[in-house]
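Peer 1: Okay, here's what each chain looks like letter by letter:
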Amino acid sequence: MLGNCMSKVMELRRKEGESHTVPSNGKHKAHDNGRMIELRDVYKLYKTKSGDFPALKGIDLNIEQGEFVAVIGKSGAGKSTLVNLITGIDVPSSGEIIVDGFPVHNQNEDQKARWRGLNLGVVFQFFQLLPSLNLIENITIPMDFCSTYPSKERKARALHLLDQVGIAEHAYKIPSKISGGQQQRVAIARAMANDPGIIVADEPTGNLDSRTAGEIFELFSSFVDQGKTLLVVSHNKDIGPLATRVIEIADGEILNGNQKKISALEI
Amino acid sequence: MVLQARWSKILKDIWGNKSRSLLVIFSIAVGVAAVGMINNAARIIQRDLYSEYGAGNPALLQIYVSPFDKHLAKAVEDMREVESAQAMRVVGASISGADGQWDDVGLHVVQDYDDIQMDKYIPVSGSAKPAIREILLEGQSADLLGLHVGDVVAVEMPDERRYNLTVAGVVHDVYVMPFALLGEATGYVSMETLDWMGEAPYFNRLDIIVADGKNDKEHIIEVGGLARDRIIEPAGFSVAKIQIPGFGSDPGEHWAQSQIKGFILILQIMSVLAMFLSAGLVINTVSAILSQQIKQIGILRSVGAQRKQLIGMYVFNVLAFGILAVMIAIPVGLLGAWWLVDFAASFLNFTVNQIDLPLSVLLIQLGLGILMPVGVALVPILSGTRISVYDAIYQYGLGAESENGLVERLFGKMRILAPEVILALRNTFRKKGRLVFTLITLTLAGAMFVAVFSTRESLNVQINQVERYIEFDALLRLPGGRSKNAVEREALRIEGVSVAEGWGSVIGVILRDDDTESAEFEIVGLPFETSTIDPLLNEGEWLQGEGLNQIVVNEDLLDEEPDIRVGDEIVLEVGDKQRPFEVVGIASKHLSGPRIYMDYGDFERFSGRNNQVDEIRVIADPHMISSPSTQDEIAEQLEERFTNARLDPGSASTRHAFYGNITDTFDIILIILIVMAVLLAIVGGLGLTGTMGMNVLERTREIGVLRAVGASNFSVRQVVVIEGVVVGLLSWILGGILSGPSSWALAGAVINTTLETGLRLRYSFLGLFIWLVIVLLIGVVSSLAPARSATRLRVRDVLDYE
Ligand SMILES: Nc1ncnc2c1ncn2[C@@H]1O[C@H](COP(=O)(O)OP(=O)(O)O)[C@@H](O)[C@H]1O
Ligand SMILES: [Mg+2]
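Taken in sequence, the protein lines are chains A and B. Our numbering applies: residue 1 is where the first sequence begins, and numbers increase by one. Our numbering applies: residue 268 is where the second sequence begins, and numbers increase by one.
Simulated from the structure, these hints should not be mistaken for lab results. Model, not experiment: these values are computed from the prediction. The C-beta atom is built at its ideal place from N, Cα and C for all residues, glycine as well. Certain hints may be false.
What the hints assert, rightly or not - With a straight-line Cα cutoff of 30 Å, these simulated DSS-like cross-link-like pairs (lysine-lysine) come out: (1) B/562 <-> A/74; (2) B/575 <-> A/152; (3) A/57 <-> B/562; (4) B/562 <-> A/49; (5) B/285 <-> A/177; (6) B/285 <-> A/173; (7) B/562 <-> A/155; (8) A/49 <-> B/699; (9) B/562 <-> A/152; (10) A/47 <-> B/699; (11) B/562 <-> A/47; (12) A/155 <-> B/575; (13) A/155 <-> B/279; (14) B/341 <-> A/177; (15) A/155 <-> B/285; (16) B/279 <-> A/152.
Claimed, not checked - Derived DEER-like restraints, expressed as beta-carbon distance ranges: (17) B/1059 <-> A/49: 35 to 41 Å; (18) A/41 <-> B/590: 52 to 58 Å; (19) B/1055 <-> A/46: 36 to 42 Å; (20) A/176 <-> B/634: 36 to 42 Å.
Bound-form chain B, shown alone (with noise of 0.2 Å):
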């Protein structure tokens, strides 16, 4: 088969301009890469992690209640409603690793490992049910910790006593925080072994299924809630807390399902722009090739070519184009996927079935890389093919162009400026087509960097407002409730520690004025001078005092219930004890979830528990924060102290700790989204470089005479980079104004996503200054090549091009 003269031609052009075709194959490959990698990643985690997850018969619901045993579970099983419910203990403990090192661990008793009736962790090795002092590793927990079925491993408690434990299992759970996120290892133990290891054998949080409406949120707090009334309180417990499993998941779903769903959005989002960039430097090289190429048609025409069969050519051309970068763009959004997955798995603890590629994203990819080319070329094609043979061999390249516009007349009357730069200017708005898609490129790629940045220092706000409001050094939780004066004491006697402030917590509703109930809310009671926390009050005032029965509710409670005004009453509603406050302050959000504030002397009051508090925090010096290691000495203090006098404390966390999680989470997201952001840029740059070696290539015979008038390299040099950083300093002007709204997008999304709550817009003027420097790097660098080619051109080249 002899290959025809004109497909012949399309090859060998592409071939013969190989930065160029590499150039739009590279732009067109990236875009359909991000999108192949997006998409069959989001697809595999979805189907691997989601089937992982609901395999296991999730829980829907789990009610902390105060120590029970299994009679209680048997009892809520037996309502109507409750499908099935089990009991559960969590111990937080430490491991020792197979280096030495000691983690954290959450030791799991599960009420009866014969017979688990949810979140079913599945065996990978070993034994699956933990006899007598052995202990089942969660999978990702044992390969971090090194840990392997057989080996002995030292388990402390909060006492500090220290036991030997047999590792009997691995088992993969997918349903508890994994390791690599939380830094807390998670181990399954018998409640016979937790009671040989010193700690009472009762169980503390009861998990359940119910029976209908098992998508209904309300319908399953509700269930919660009959629990609670008809058999948990009249049976002498006390509930601490009913939730849904997960941040803000419904229920059923799993406990990240909402991160993973917006995280994947913002990407596809992102995949979708860089398609967009790619579109555009289609649109801009095609119509330099055929304005390049126009003399070239009208030869073809004067010798028997038909409009359609040149529409053909440059149809095939970017075919061809089309074809090669899905041949790159196809493996490469494969590996990313792999890599995207892996990533995923890892972080998320998920066993990944297998890395497919699946004919839905297969066919996306071709219809992205193959027809969205052609189908944008198609518009420089059609306008640049109907071109008449006269004009295209006669009239090309002789001034067709207005050279009278009044961008023009306003550069001539520039006389202060360099000959150069007025040169250099005339040039970047002669194309202006071109100049067009060139703009468009670098100005969504600087719009959508400065979001990025905008995002970052967003989420920073977001979490500087914790860091401020956090003001304590160390807090130990007191399951169940403790002598307030008893926990101040103690907490006082240790050395350093100067001020320590017991917090009660209680869940109640509010009653709205058309008699309906809120959801359920957090009521924190605490010293109205509070100086463990400093809270930022968006409106109104902070508590002014004792038996004032003021309340401060923060901006998450006003997400839900966006009606509460600074100055309202509102009736609120603990047990069955009902009692209007008024609100004073409105306080920002700080992660805590929608929270309402009163002093401790209203809310002992109001709530019927004297003297009690649920945690106590504590400062080592009112003026400043401590150290790390101080925290950390405190925290260890409190423990010991607290389980010394028998106040039986759960486990203490510190402030850096705290924060640090926080940080680390963000951190990872921020770096795939600078990945992007990066990527564009890397688009908008090829684009610009594109545009620069066509500009220079046709202003050919103008760069021609200036040599022939004796331009010396420099100035010709001069006159294609600045060109270059004219519209990139351009590119960024438009993207600055164009950042205004796209950082408010991404950064809403990300912070809607990651942390369910509502956004807190910082503009980033320091991404707007790095964008700046980044964009007259790449206006400089993108047009060093061509402009290296122009000085290159001889006198007798330019006569030659005619």
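Chain A extracted, bound-state conformation (with noise of 0.2 Å):
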């Protein structure tokens, strides 16, 4: 069963072509129109005990690849919802996710798990590091799932990471020893660990003081340089000036698409 839902992904892979080779290191690239998230019509609603409680009225929205979105707006709007569909985490009620041209609304748990792991970084407000793993082991541990990288090369990476994120130093020590914001760098070098196209996090600052999380909005910026897409939400305003667009839900609504967009190149 298991084996025959991970084939079916690699053989959606395959069909993709050209634009969706899977590099040995399990690099995915971008499809050629540049989209990279796509939802259309997406509605989610909560069961609760006073009946259905609808997140998400009827999103549509288009993220192209090397957007800097970020996703603000007040508690309860609709937000986490909005992020946990697009990484596959939970599901839509109804309308249609397609993330770099993979249609996560209707793939199943394991499927979805391999896809995220080659494609797409998780960054969450606990950092949701592995307890009883050093810092290295925590990046690697996605590689080790996903067979992406030798073995041999896999720390060599990690310690490369964490010296992007710059905390190398700290490399064998376990997530308790360090700080929250240290804590967070390791999820985010985690979450790019295989190298993926997209990056999203919900309220990675959340957690932090306000000069950590900018130093963390410095570092997510960074990654727009590599070409990748970021997704994050946060409450923090210091996120504005970095992030190439701003989105704004309110009661599951998105207020203002458009409002801003520019280039990456103009920050």
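Put the two chains together into one complex; each comes in its own frame, and the hints tell you how they fit.
Peer 2: The structure is reproduced here in structure tokens:
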């Protein structure tokens, strides 16, 4: 069963031909038209005791490759719901979600896990590192699951990523021995482990002080230069200037989808 | 080779949760070690004991005959049905050990030491054949007596004359009852030596190996009957008894084979039970690990883990537990087997060739230690990895479990209870799966514990039955029969003896209604108003008088002839005489084997043995049992008097000696059983400790809230301890219910194998009560450590826990 699903994913990738060849390092090339994230009339209803609660009401959204999109909005607006649908962590009640050509809305958990491992890095508010593993191992674990990079190279790559996020000297510590900001850096390095095209983060600085938050945002914007597409939910105003686009959500609807749209190069 | 991150995670989790890991490893190891120990020991015992037994050409039948010479043996051997027959003599005497202590010794005389036909001993050192004034000693006897080849040893005959014999050799004889077990040493002398020591030189036992049908019990007994009817009795000898050697063994089998088999079976059942308990513990722990790691599972999934990979990780985890467990369990099991075999070898007096670990036992251990845990853990692993990423990351810990179950609502209503108690009770019922497993473990342990106690009490009932049954102080056997009047007169001359009863005994059969014959039974003739026994009557009444042709049969006889009822008239046959008797009562079991009692007058007329008795039983004070020393004194005087009066007695025995032998053997069995029960209790306790630890971990937030609202260390601890005690109490109730059937099964099995008799169950309420105390202790002790770690949690940790 499982093997079957796996091969389906592989088949899917093969069908997409040239634009989706998987190099040995698992890297996923972008669409020809450059469209990375596409939501069509997406609804999400939560079942509650007092009936169905609509958290998202008919979202339409397009995000191009290389965009750094900031999602803002009041608490309870539906930001996390939106992000979880895009990462495939949650499923929409209706509508279509295509991420880098992959129809997230109608895949099973294993297919989505595999796809996420290869093409999409997720960063959570509470870091979500594995407490028993040291930083290197926390970063190599996605490579391990997706068999990207030869196993001998993984450690070197992890060290390289740790160096990129600026905490290489703590490589052999376990997460509880470093600060929250450092832990989030590790989480970001882990999201980069398989060199995915997209990074999605839900309130990555929600648990950090503002100075640290600024550093994390800087880190994110440096990924834009590497051609990554970023979608970051945040309360923090500091993200505004760094993002190429800011989307505001209120009551499950996008208020200003195209309010600010600037090229990454302009920043 | 670099260890991949996911395996590294599992190994680090194992290492990081040392106590939990050790708990699982240890509980798997206990079961695996027990299985290895018991199966390997059973194999070695069977291999070495039975092969040693079979190698010496075991006698299949023993016929006790009035004094005869070797020509009778030759005549019996000439029978077509008989392969070989060998005359034997066994005389009871005393021997002085190296420390000057006197012990009983059975002096054996084999017909022809140059050509021993059966029950062949193995020479160990010195000579293999005793010359005149020499003795060979059985190895264990020599060891325990501290005697060596070349020593001169004093032997005292029943007539109190002493003779010095030279220990010419030491031999190993697996066919005699071991000194360690019976308290009687074994020596071998020649007939000339026996003659020199003042004993009449005759044989009194004929050992036989049949020509065909060596495994056919019926046939062998039949051949014995033929030998008696065609050769022995026509030649003018009388037969006292025809028997297959051993205690209910089949022909050619070691004398304790059925006991050994039964005992091994009981141990095997217990080891399987221990295995079940550890399987339960594995399931419990693995589901706890998984539910504790739900969030981590979600994270792994969010970074690309397939379910297959997650399953692989947790299977690897359990494999690691299993491998570590067998690494401990295999050597421990081997050591245990060594201990058990050594114990059995010293007990049963056989030679252990080699303690080894065969592939079969190794494979069983590997299978149980590695595959079994993985197999049972698959259940929680498969269900635990099925969760979606969303549920794993966002829903966990948000009260996903229903708080509105029946039990919870019930507790909500119990306002009278303190809030700590309600909280504890609610905790207990929240994780129902885990509660069930913990309960099963402790319940099984409890049921087994109480069963061991019930077995003990049932054995005691059985022994007490014997105790109350035996009312005599001393008994003297009179092989071949003596005059009743002379014997009783002589016995009453002993100072202090106030009652002397002569008993006659013959072997007879019951003629069934369909004209078939029953097996041979002992028929005893005793005064109907006997005061040397006090049989308990299950049904009917005791013999009412003389000349009434009444009989009382015992329950053992009923086991073999189940159709007999009180009021029946049955026809008995002794020799060629037949006579109907009325069954007036059924006496309970008291280890005598099947028996038919009749009044001595009736016995005399029926058997035609006028005024002949085969044993004399005496009592000093009819109102009480005398002290052991008085009993010994009376026994000694009996032997002395009878010897002086040329009444040529056999050996005397006393009530306390008889009784003591039985209880010693039972004590050993009970000790082994109690060890097993304690092991089960330990595994149960480990299970509860694990459960409590996991419960505390999972309730971290709740405990944090308790702390935040100012709960003292004491009340936090109280919540946890109450929970442990509640689980203990619950398991006690369930174990109590289950202990009925388990007691019945265990006591039945033990009594059946050791006593070869049916069960009269006595349920042990004492055991139930002791288990209550133990289970409460387990409840408290196993929750103390988790309770302590609960009080160590700070509010901040609890917030971090999210
Ligand atoms: N599992 C759920 N069940 C019911 N309602 C939910 C669930 N998750 C979120 N919601 C509701 O959906 C709305 C949007 O939630 P969320 O996407 O988490 O908001 P945000 O991240 O913008 O704060 C909120 O009103 C929230 O209460
Ligand atoms: Mg949110």
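Peer 1: Taking the hints in turn, state whether each one holds.
Peer 2: Against the structure, the hints:
no.	hint	verdict
1	B/562 <-> A/74	holds (26 Å)
2	B/575 <-> A/152	holds (23 Å)
3	A/57 <-> B/562	holds (29 Å)
4	B/562 <-> A/49	holds (25 Å)
5	B/285 <-> A/177	holds (20 Å)
6	B/285 <-> A/173	holds (20 Å)
7	B/562 <-> A/155	holds (25 Å)
8	A/49 <-> B/699	holds (25 Å)
9	B/562 <-> A/152	holds (29 Å)
10	A/47 <-> B/699	holds (26 Å)
11	B/562 <-> A/47	holds (22 Å)
12	A/155 <-> B/575	holds (24 Å)
13	A/155 <-> B/279	holds (18 Å)
14	B/341 <-> A/177	violated (94 Å)
15	A/155 <-> B/285	holds (27 Å)
16	B/279 <-> A/152	holds (20 Å)
17	B/1059 <-> A/49: 35 to 41 Å	holds (37 Å)
18	A/41 <-> B/590: 52 to 58 Å	holds (54 Å)
19	B/1055 <-> A/46: 36 to 42 Å	holds (41 Å)
20	A/176 <-> B/634: 36 to 42 Å	holds (40 Å)
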